[in-house]
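S.K.: Spelled out from the first residue to the last, the chains are:
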Amino acid sequence: MTKTGAQILWECLEREGVTHVFGYPGGAILPAYDALQHSKIHHVLVRHEQGATHMADGYARASGRVGVAVATSGPGATNMVTGIATAMMDSSPVVCITGQVGSKLIGSDAFQETDITGVTLPITKHNYLVTHAGDVARTLREAFYVAASGRPGPVLVDITKDAQQSSCEFDWEAAKPQLPGYRPDLSPTSEDYAKALKLIQEAKRPVIFAGHGVLISGAMSEVRELADRTGIPVTLTLLGLGAFPASHPLNLGMMGMHGEAWVNHTIQDADLIIALGMRFDDRVTGNLKTYAPKAKKIQVEIDPSEINKLVKVDVALIGDVREVLREMLPRLQPIDCSEWRGYIDGLKGDAAVRDIQNLPDSGHLYAAHVINDLWQETRGGDVVVVTDVGQHQMWEAQYFKHETPLSLITSGGLGTMGFALPAAIGAKVARPEAEVWVVVGDGGFQMTMAELATIVQEKLKINIAIINNGFLGMVRQWQEFFYERNYESTPLLSPNFAKLADAYGIRSAVVTQRSQVVPAVQSARKYDGPVLIDFQVEQEDSVYPMVAAGAALHEMIRRPNPLVETAEDE
Amino acid sequence: MLKTFVVHVENKPGVLTRVASLFRRRAFNIDSLTVGRTEKPEVSRMTIVVDADQDQARRIEASLYKLVNVLLVEDITDEPAISRDLAMIKVSAEHDQRSHVLQLVNIFRARVVDVAPESLIIEITGTEEKIDRLLEVLGPFGVLEMVRTGIVAMRRGAKSSTFPQAEDMDEITADSVDDENQSV
Chain A
15 MTKTGAQILW ECLEREGVTH VFGYPGGAIL PAYDALQHSK IHHVLVRHEQ
65 GATHMADGYA RASGRVGVAV ATSGPGATNM VTGIATAMMD SSPVVCITGQ
115 VGSKLIGSDA FQETDITGVT LPITKHNYLV THAGDVARTL REAFYVAASG
165 RPGPVLVDIT KDAQQSSCEF DWEAAKPQLP GYRPDLSPTS EDYAKALKLI
215 QEAKRPVIFA GHGVLISGAM SEVRELADRT GIPVTLTLLG LGAFPASHPL
265 NLGMMGMHGE AWVNHTIQDA DLIIALGMRF DDRVTGNLKT YAPKAKKIQV
315 EIDPSEINKL VKVDVALIGD VREVLREMLP RLQPIDCSEW RGYIDGLKGD
365 AAVRDIQNLP DSGHLYAAHV INDLWQETRG GDVVVVTDVG QHQMWEAQYF
415 KHETPLSLIT SGGLGTMGFA LPAAIGAKVA RPEAEVWVVV GDGGFQMTMA
465 ELATIVQEKL KINIAIINNG FLGMVRQWQE FFYERNYEST PLLSPNFAKL
515 ADAYGIRSAV VTQRSQVVPA VQSARKYDGP VLIDFQVEQE DSVYPMVAAG
565 AALHEMIRRP NPLVETAEDE
Chain B
-7 MLKTFVVHVE NKPGVLTRVA SLFRRRAFNI DSLTVGRTEK PEVSRMTIVV
43 DADQDQARRI EASLYKLVNV LLVEDITDEP AISRDLAMIK VSAEHDQRSH
93 VLQLVNIFRA RVVDVAPESL IIEITGTEEK IDRLLEVLGP FGVLEMVRTG
143 IVAMRRGAKS STFPQAEDMD EITADSVDDE NQSV
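These protein sequence lines map, in sequence, to chains A and B.
If you're matching positions, the first sequence starts at 15 in the working numbering and goes up one per residue.
If you're matching positions, the second sequence starts at -7 in the working numbering and goes up one per residue.
Just so you know, the hints here were simulated from the structure itself, not pulled from any lab data.
Ideal Cβ placement from N, Cα and C applies to all residues, glycine included.
Some hints here could point you the wrong way.
[As the list claims (entries may be wrong)] Here are the simulated BS3-like pairs of lysine-lysine, each with C-alpha atoms no more than 25 angstroms apart in a straight line:
1. A:362 - A:212
2. A:209 - A:310
3. A:323 - A:303
4. A:513 - A:475
5. A:118 - B:4
6. B:58 - A:326
7. A:415 - A:475
8. B:122 - B:82
9. A:218 - A:310
10. A:310 - A:326
11. A:323 - B:58
12. A:323 - A:308
13. A:190 - B:82
14. A:415 - A:473
15. A:190 - B:4
16. A:190 - B:58
17. A:362 - A:218
18. A:308 - A:209
[Claimed, not checked] What the simulated footprint calls covered on chain B by chain A, stretch by stretch (three residues with Cβ under 8 angstroms from a Cβ of chain A suffice, anywhere in the stretch; the number is not a length):
19. 9 to 18
20. 51 to 62
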């Protein structure tokens, strides 16, 4: 059957199972938008193309399905760059479709022409320039396959205006992907398995790391079985939160720069690390020279280029985490590490007295209180928290106890401020039945707050908790610790967020005391529409513990102990 | 140390950029890179020489494989292989110097491919070391211009590089994506 490239585009998306796309029209993508009227796909009109990519990313992370963003050429495409880089760093399956000027005009500096495949080359898993209608179908099939398979990532498909307009025979079956060099399905050798199993059985002080790969691979029950069967404690990366239930007795919590002190001490004292779907990011390791010096390391990782990139490992099991664990589990015996677990438990006591939750109420509202109360109120529900980047993100990671997978969406690798609000829109579209909470700072919120209009236009029930401390808080914290409290350019003037919400027709509340937190959360949950709560918290609070950039993992700056005057650990 | 990779890639627009961009992005230093056609029209072949240690070489290989258009990567640094560089050297050769230059050309089994009143162009093929030595002895006569292709390399013996054939390509389709992987 003869179809235009634009018609083929939507038909292919439908066949790939796409029900929603996030986009913004413009000249070079207009033929595609014209053909959209005949498609069953729902188009979410964004307010900025960066929002479209974050929404597609949030959609993908909340559901595991490929998210799709659409934009025009030139500025539409370049506005997507930050969202694409965010998806790349966090291995999120996103397909971006951009219009391009007519193929005869390419290279002529035509109006709204940008070499977007050139621009996005280092921040996409793969990208394509399509100049013929006949290539649209095969390219899109390849794009979806590449985005979702192996280690997922963003794929950009740039389609010239004439390729959208011209017609050709459309045959889905014939348009099979042709990817002779792409082999995402790798598995370890039996020698590697044997080596890994031996290391595990001989370990006295082992610890399991669960990262984002566990969630992507859907290996939650396998990780749980691994821990239950062997008795080895588990620690999570930021993006791994939810991969192992927070309430499980073997769950130690989050590792790294703002991980709990006992977790980082555990890592430094361990004799074996079993790293599952994580890549030893610098925020996790601290100084590499002093990192986990006593530990042998097993890394289960689907991307071979991550092996020995930063941390040299003793055994690499290259493959899908779930497949690898399924292979290993029947061959694993329990390990006697009760002494080791007792030692770790001993490390925890000191943290409790420093925990802000246990401090007497000083009348101040702390962000940690807000997060803790939000968690308590929403416990047990199908809740997705979408965080931005900065202090509130770390407090959320510390105080919101994630029990289930895909319950936290956050920008980890790239650390993209402005991510939360649009990503939450994507998450809500993907999982309309879920309760979606945006937890965002006053700085990051103002980067993409234009998407409030998208929430209203799409009639989405999203709850927004602004952790408003009047500062670019994490930068201020670094200035406090490392730049002699020179608060240069971090005090932040914000609009009246309640009035702003009002202008969009969004219900709002302002919270300044702890006693108001729970009623505000309850009221927001009951209300059948979007709600914005402006939590005006303590301005100069800091996230503790903290491993300074480049410091050894066990050298943490601790919250000053109210009973013993110590600011530095060790 | 210098590592030599033979990289088979799909003969498509932009592939060279992807490979070059990878080395830049990961901060690996390319010593030389050549690219050309092969016995198969759909395949191009690159020979890339990089300054890297063994760990880095493994990561380069893995990173190259991540490029969708890369079909096969071989690290032939420690393999028995033939490697050849080609150079054209324009050397100053006045009448009285010319016979000396030509003697050197003969000793090195090089060829004179252009003769002008005051200069010659010499073409030489060989290992990089051989070309370096010819350049060294030509130095005193005055090298006016020089260009080298960078090395191309091939494994010795019958063993040849293999990569998926057309029939294998059919197997790599979207159908082989594990559906379970994509569900919540």
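S.K.: Run through the hints listed earlier and report the numbers of any the structure violates, in increasing order.
M.R.: Structure breaks hints 1, 13, 14.
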